[in-house]
Amino acid sequence: MMFRFPSIYLASGSPRRRELLAQIGVEHAVIRADIDETPLPDEAPEAYVLRLAEAKARAGWAVSAQDRPVLGADTSVVLDGRILGKPADEAEAVAMLLALAGREHEVMTAVAVVRGERCESALSVTRVAFLPLAADAAREYWASGEPADKAGAYGIQGLGALFVEAIHGSYSGVVGLPLTETGELLRRCGVGL
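Note that numbering that gives the first Met the number 0 numbers the sequence shown so that position 53 is 52, with each residue one more than the last.
Note that these hints are calculated values from the structure, not bench results. Incorrect hints may have been included.
[Claimed, not checked] Taking CB as the label site, the calculated pair distances span:
1. 101 x 158: 15 to 21 Å
2. 170 x 116: 32 to 38 Å
3. 101 x 189: 21 to 27 Å
4. 66 x 147: 31 to 37 Å
5. 189 x 79: 35 to 41 Å
6. 142 x 117: 27 to 33 Å
[As the list claims (entries may be wrong)] Listed below are the simulated SDA-like cross-link pairs for lysine to any residue, each with C-alpha atoms no more than 20 Å apart in a straight line:
7. 85 x 139
8. 85 x 157
9. 85 x 35
10. 85 x 42
11. 85 x 36
12. 85 x 126
13. 85 x 148
14. 85 x 26
15. 85 x 190
Cβ atoms here follow ideal geometry from the backbone N, Cα and C, with glycine treated the same way.
Generate coordinates for the entire structure from the input sequences, incorporating the hints supplied.
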């Protein structure tokens with residue numbers, strides 16, 4: 000069955016999110032939605048990603064022509080309850096990768112759709128198991144350029160897949176947009192098939 004959605008706005012600069020929307024046949028236009036992504040004091044990771052996804056969608060709605068829904072999303076890697084964002088430099092990336100090595104962590108992706116005053120959101124949580132990893136391999140991976148703009152310093156859709164032993168949950172959620180949840184939110188917000 001081929002799904003065909005009318006156009007939406009995507010409040011994200013992520014090429015991975017654009018590719019995932021195209022994969023399920025969602026026509027979209029990209030708009031910028033710059034927001035402060037600083038976690039609030041004592042904010043739980045689940046609340047953090049939901050707040051950011053909703054804030055991106057609302058910021059996108061504010062700058063859009065307000066003629067179609069706006070989708071926002073946010074992804075965080077969470078280890079032992081601590082959010083691992085995008086690494087600032089090589090040292091931070093290597094430290095993140097070594098902390099993930101040989102362990103399980105969670106990837107939380109929230110997606111939100113705004114249309115007028117209405118905001119619908121959903122959260123996808125996927126458990127990811129990493130293989131053991133040597134510091135040299137983490138530095139080589141950093142040199143590839145791939146981890147620089149990725150939460151937790153890795154991309155499962157690229158070379159980072161070599162570090163992943165198993166996932167339990169949504170692969171597309173780990174990439175940056177859980178497609179099952181996204182399709183359901185779009186339908187609930189009146190974006191029909």
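Evaluated hints:
1. Look at residue 101 against residue 158: about 18 Å separates their beta carbons, and that is inside 15 to 21 Å.
2. At roughly 33 Å, the beta-carbon separation of residue 170 and residue 116 lies within the given 32 to 38 Å, and the hint holds.
3. Taking the beta carbon of each, residue 101 and residue 189 are about 46 Å apart, not inside 21 to 27 Å as hinted.
4. At roughly 35 Å, the beta-carbon separation of residue 66 and residue 147 lies within the given 31 to 37 Å, and the hint holds.
5. The hinted range of 35 to 41 Å is satisfied by residue 189 and residue 79, whose Cβ atoms lie roughly 40 Å apart.
6. For residue 142 and residue 117, the hinted distance range of 27 to 33 Å is not satisfied, since their beta carbons lie about 45 Å from each other.
7. At most 20 Å may separate the alpha-carbon atoms for a hinted pair to count; residue 85 and residue 139 meet this at roughly 17 Å.
8. Proximity of residue 85 to residue 157 is assessed by CA-CA distance (about 16 Å); at most 20 Å being required, the pair is judged to hold.
9. Between residue 85 and residue 35 the alpha-carbon distance is near 14 Å, which keeps this suggested pair within the 20 Å criterion.
10. The straight-line distance between the Cα atoms of residue 85 and residue 42 is roughly 18 Å, inside the 20 Å bound, and the hint therefore holds.
11. Distance check on the hinted pair: residue 85 and residue 36 sit about 11 Å apart at the alpha-carbon level, within 20 Å; holds.
12. Among the hinted pairs, residue 85 with residue 126 is consistent with the structure: their alpha-carbon atoms are about 19 Å apart, no more than 20 Å.
13. With a C-alpha separation of about 6 Å, the suggested pairing of residue 85 with residue 148 holds against the 20 Å cut-off.
14. Taken as a hint, the residue 85 and residue 26 pair is broken in the structure, with Cα atoms around 28 Å apart against an allowance of 20 Å.
15. For a cut-off of 20 Å, the pair hint linking residue 85 to residue 190 is broken: about 32 Å separates their Cα positions.
In summary, the numbered hints that this structure violates are 3, 6, 14, 15.
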